[in-house]
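Next come the chains, spelled out residue by residue.
2 protein chains.
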Amino acid sequence: MSGLNAPISCDLLVRADAVVTQDAERRVLDDAAVAVRDGVVVEVGGRSGMEARYDPGQRLDLSGKMLLPGLVNAHTHLPMTLLRGFADDLPLMEWLEKHIWPVEFQLTEELLAVGARLGCAELIRTGCTAFLNGYLREYVTGQVVADCGLRAVLGEGFFSFPSPMFPSAEDCWKTVRDLDARFADNPRLRTAITPHAAFTVSPDHLAASFELAVELGVPWQIHLAESPSETAMCLEKYGKRPVELLHDSDLLGGRTTLHHCVDVTPDEIAILAETGTNVVHNPASNFKLCSGVAPVQAMLDAGVTVGLGTDGASSNNQLNMFRDMGLAALAGKVRADDASAMNAQAVLDMATLGSAKCLGWPELGRIEAGFPADIIALDLGSPNLMPVFNHVSHAVYAATGMEVCMTMVAGQVLYLYGNFRTMDIQSLKTEAGEAAKWVLAAAGK
Amino acid sequence: MSGLNAPISCDLLVRADAVVTQDAERRVLDDAAVAVRDGVVVEVGGRSGMEARYDPGQRLDLSGKMLLPGLVNAHTHLPMTLLRGFADDLPLMEWLEKHIWPVEFQLTEELLAVGARLGCAELIRTGCTAFLNGYLREYVTGQVVADCGLRAVLGEGFFSFPSPMFPSAEDCWKTVRDLDARFADNPRLRTAITPHAAFTVSPDHLAASFELAVELGVPWQIHLAESPSETAMCLEKYGKRPVELLHDSDLLGGRTTLHHCVDVTPDEIAILAETGTNVVHNPASNFKLCSGVAPVQAMLDAGVTVGLGTDGASSNNQLNMFRDMGLAALAGKVRADDASAMNAQAVLDMATLGSAKCLGWPELGRIEAGFPADIIALDLGSPNLMPVFNHVSHAVYAATGMEVCMTMVAGQVLYLYGNFRTMDIQSLKTEAGEAAKWVLAAAGK
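Heads up: the sequence lines are chains D and U, in that order.
According to the numbering used here, the first sequence is numbered sequentially starting from 1.
According to the numbering used here, the second sequence is numbered sequentially starting from 446.
One thing to keep in mind: the hints can contain errors.
Claimed, not checked - Going by beta-carbon spacing under 7 angstroms, a handful of chain D positions derived as facing chain U:
{"#": "1", "residue": "Asp89"}
{"#": "2", "residue": "Glu109"}
{"#": "3", "residue": "Phe287"}
{"#": "4", "residue": "Leu289"}
{"#": "5", "residue": "Thr400"}
{"#": "6", "residue": "Lys429"}
Unchecked claim - Output of the computed footprint for chain U on chain D, the stretches with three or more beta carbons under 8 angstroms from beta carbons of chain U:
{"#": "7", "segment": "18 to 25"}
{"#": "8", "segment": "91 to 105"}
{"#": "9", "segment": "432 to 445"}
Said to hold, decoys possible - Across the chosen pairs, the derived CB separations fall in these ranges:
{"#": "10", "chain 1": "U", "residue 1": "Gly748", "chain 2": "D", "residue 2": "Pro91", "range": "20 to 28 angstroms"}
{"#": "11", "chain 1": "U", "residue 1": "Lys543", "chain 2": "D", "residue 2": "Ser229", "range": "39 to 47 angstroms"}
{"#": "12", "chain 1": "U", "residue 1": "Met538", "chain 2": "D", "residue 2": "Arg26", "range": "24 to 32 angstroms"}
{"#": "13", "chain 1": "D", "residue 1": "Lys237", "chain 2": "U", "residue 2": "Pro673", "range": "38 to 46 angstroms"}
{"#": "14", "chain 1": "D", "residue 1": "Ala302", "chain 2": "U", "residue 2": "Lys890", "range": "29 to 37 angstroms"}
{"#": "15", "chain 1": "U", "residue 1": "Gly721", "chain 2": "D", "residue 2": "Asp248", "range": "55 to 63 angstroms"}
{"#": "16", "chain 1": "U", "residue 1": "Gln503", "chain 2": "D", "residue 2": "Gly370", "range": "40 to 48 angstroms"}
{"#": "17", "chain 1": "U", "residue 1": "Gln503", "chain 2": "D", "residue 2": "Gly45", "range": "36 to 44 angstroms"}
{"#": "18", "chain 1": "D", "residue 1": "Glu236", "chain 2": "U", "residue 2": "Pro673", "range": "30 to 38 angstroms"}
{"#": "19", "chain 1": "D", "residue 1": "Ala184", "chain 2": "U", "residue 2": "Pro673", "range": "55 to 63 angstroms"}
{"#": "20", "chain 1": "D", "residue 1": "Pro167", "chain 2": "U", "residue 2": "Gly491", "range": "20 to 28 angstroms"}
{"#": "21", "chain 1": "U", "residue 1": "Asp476", "chain 2": "D", "residue 2": "Glu236", "range": "48 to 56 angstroms"}
{"#": "22", "chain 1": "D", "residue 1": "Asp178", "chain 2": "U", "residue 2": "Asp746", "range": "50 to 58 angstroms"}
{"#": "23", "chain 1": "D", "residue 1": "Pro167", "chain 2": "U", "residue 2": "Asp746", "range": "44 to 52 angstroms"}
Just so you know, these hints were derived from the structure itself, not from any lab.
Idealized CB from N, CA, C, for every residue including glycine.
The task is simple: from the sequences and hints, build the whole structure.
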């Protein structure tokens with residue numbers, strides 16, 4: 001009888017009203033518990049049995065809450081959080097050229113760090129535990145992430161034309177190698193190769209960067225097919241549509257993740273499926289910049305792995321995966337002309353397992369024995385989560401993200417009941433206020 | 446010198462970092478204060494001057510917060526909050542006929558009250574201070590609203606075919622008169638005439654109900670042009686499209702508010718503008734039921750007053766006006782094919798002044814001397830509201846609604862820093878749990 005066996009030791013035993021596991025059977029366990037040891041989930045099961053079997057170093061009683069895997073944000077630009085609400089309601093190129101770029105080109109390391117800290121605070125607050133970041137001076141964001149305990153894949157952005165960081169794309173290679181080496185000992189930080197886009201990076205540079213990704217054994221990520229105007233630029237420059245261009249250059253496949261894919265044809269979706277290429281959906285950003293709505297249900301039907309991302313805060317203006325889950329589910333129905341499309345489970349899958357695969361970190365996005373203990377809790381006492389019929393529906397349709405009352409990465413609690421354990425939010429508010437004054441001055445306002 | 450004058454007495458003086466007034470000039474005042482007397486705003490102005498001039502009975506220090514007018518939800522069905530997440534991702538008629546209606550037909554007054562209380566709790570929590578409700582047994586919702594201190598316009602729904610309440614539409618008239626009389630002494634409750642839709646209420650009954658609205662001096666509200674399939678039904682039944690049908694029956698005009706208007710042509714928009722007919726936009730519901738996206742920017746351009754609503758929680762699944770503001774702004778850009786469409790100010794206007802006009806209560810939706818003191822506060826210390834460049838942008842794009850830390854109606858604080866002053870949320874959670882069991886039993890699950 002198990003009751004007579006010696007108790008099993010673990011670091012932490014978490015109990016909750018329900019656990020949405022996102023395991024292969026998509027089990028949702030009521031009145032359950034999760035045992036964690038060395039940052040990894042040891043077992044998930046019924047509460048009473050687990051409490052009898054385990055002798056934890058610490059207990060976390062989350063009665064009245066539901067647990068979910070930490071959400072995975074597969075596309076963001078964290079330091080841009082500094083520019084949240086700085087310029088809205090503008091066409092893409094006017095927004096970039098007249099408002100965003102002039103300020104970005106003047107950003108110091110200190111300001112990038114403030115932006116990254118703002119982003120990390122919002123991610124932790126809204127239950128995101130891992131993310132893919134693409135920006136400049138990624139060592140700055142990497143250090144902020146290391147300090148606050150999140151997981152991230154860092155991607156140094158580059159173009160074939162001169163940018164604030166590099167005279168040309170190939171000048172980026174050494175920076176990427178340094179970045180990869182710099183955080184090699186931190187198990188929560190990884191690297192990706194992130195050329196900006198097919199219309200800003202030349203085919204030669206795309207190919208060379210892909211070789212580097214193969215050499216380093218890391219994912220290769222690119223903005224692609226974001227809008228019809230990008231397609232028009234590609235056609236003018238190369239006589240090919242974006243997906244066609246990459247396909248003809250042998251740049252599609254399991255190592256590759258394409259961000260956006262709003263303007264893709266059924267034939268192109270078939271190519272993405274055949275090659276095992278991953279896609280990241282960013283509905284809020286695609287709406288805000290008037291790019292369109294990606295045909296995500298069609299991609300899922302074709303067997304494409306699709307993850308979910310918020311994009312940067314200056315084109316969203318949130319880094320809140322719950323908001324983008326809601327958008328993906330709602331807008332996806334009208335896009336597919338089918339009220340049963342993009343159902344709650346499919347959307348939660350995107351924000352967990354799908355995004356994890358896009359990050360090249362497929363062990364994330366689930367609460368399951370043997371996998372990292374990246375877990376969040378939502379307070380079912382929030383009026384908008386009453387009553388409870390379906391926990392997955394609540395996560396996708398009813399939650400705002402602010403019901404998150406606990407965020408844990410690798411068994412480390414980063415946030416609990418309003419308290420950030422690895423960040424000083426009061427100081428951050430002051431820093432953000434000062435940084436905003438700098439931004440206005442830099443913009444000549 | 447004003448400093449030498451006797452101080453002006455008032456009931457309450459609220460100070461905050463910023464006040465988004467929604468007055469005619471759309472002023473946003475930094476470091477400001479609002480004086481309230483007898484439930485009405487006496488003055489809005491700079492903090493230091495106001496603090497010197499007024500001698501308030503009570504002070505509310507909301508430093509670090511911004512004030513907004515209480516949002517006005519121009520379309521909801523409060524008791525349906527009981528069915529939040531009960532059935533999702535289904536086509537409209539399957540959803541209604543197989544899941545919603547079978548349960549709704551069995552709802553008792555006690556269950557309706559639980560649903561209404563759940564809805565009121567979420568509205569208060571997310572900064573909505575007034576709403577238009579359409580459902581059955583509106584006296585139940587009316588009493589719940591009276592108890593919790595919100596404002597509402599109550600609309601008893603009716604059809605020309607037998608419903609749980611009425612054998613036919615005309616059986617509703619007495620109920621409406623009783624409802625109008627029942628709450629006549631409560632300045633926070635009003636009545637509207639709310640036929641369900643043009644395809645479920647006969648032209649005779651529509652006309653008779655409009656006469657009743659004129660007699661009682663109340664608004665006339667109807668679901669209209671919600672989807673292409675509704676248009677098809679109208680064409681089949683009457684040989685006319687929905688707007689055409691109402692126009693030919695002289696049912697359009699300033700007393701009339703049409704809910705949804707997803708499937709309207711440019712000619713029909715012109716008719717709505719010419720007749721001064723109001724429209725309510727419900728983006729989340731229109732997405733979730735796959736109805737489409739209403740051409741709201743085109744309506745605003747034509748001069749139509751447009752308000753904003755959440756619809757019921759079973760087709761949203763939130764009653765959170767901040768979520769629908771974000772959706773209206775985001776989706777409206779792609780709908781209009783213009784990134785500058787549906788800008789933040791236009792959307793906040795819809796959720797305040799526009800909705801207020803749709804309710805027939807145009808004095809709501811602003812913070813201005815002489816108007817009701819319906820005010821909410823958002824905590825600018827929430828990470829997702831840092832930094833601050835533009836308060837209106839933050840309200841529409843960055844806020845989730847859960848940053849609301851104070852909700853006030855007619856000078857009465859209903860919610861402050863997590864505490865509901867007129868509702869018992871702990872008991873409500875228990876009631877909701879019991880009610881959910883009843884729902885599952887009623888549905889045979």
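Hint by hint, here is what the structure shows:
no. : hint                                      : result
1   : Asp89                                     : 4 angstroms, holds
2   : Glu109                                    : 18 angstroms, violated
3   : Phe287                                    : 4 angstroms, holds
4   : Leu289                                    : 6 angstroms, holds
5   : Thr400                                    : 4 angstroms, holds
6   : Lys429                                    : 6 angstroms, holds
7   : 18 to 25                                  : violated (count 0)
8   : 91 to 105                                 : holds (count 3)
9   : 432 to 445                                : holds (count 6)
10  : U:Gly748 <-> D:Pro91: 20 to 28 angstroms  : 25 angstroms, holds
11  : U:Lys543 <-> D:Ser229: 39 to 47 angstroms : 44 angstroms, holds
12  : U:Met538 <-> D:Arg26: 24 to 32 angstroms  : 28 angstroms, holds
13  : D:Lys237 <-> U:Pro673: 38 to 46 angstroms : 39 angstroms, holds
14  : D:Ala302 <-> U:Lys890: 29 to 37 angstroms : 34 angstroms, holds
15  : U:Gly721 <-> D:Asp248: 55 to 63 angstroms : 58 angstroms, holds
16  : U:Gln503 <-> D:Gly370: 40 to 48 angstroms : 58 angstroms, violated
17  : U:Gln503 <-> D:Gly45: 36 to 44 angstroms  : 53 angstroms, violated
18  : D:Glu236 <-> U:Pro673: 30 to 38 angstroms : 37 angstroms, holds
19  : D:Ala184 <-> U:Pro673: 55 to 63 angstroms : 57 angstroms, holds
20  : D:Pro167 <-> U:Gly491: 20 to 28 angstroms : 51 angstroms, violated
21  : U:Asp476 <-> D:Glu236: 48 to 56 angstroms : 52 angstroms, holds
22  : D:Asp178 <-> U:Asp746: 50 to 58 angstroms : 53 angstroms, holds
23  : D:Pro167 <-> U:Asp746: 44 to 52 angstroms : 47 angstroms, holds
Against the hints set out earlier in the document, violations occur for numbers 2, 7, 16, 17 and 20.
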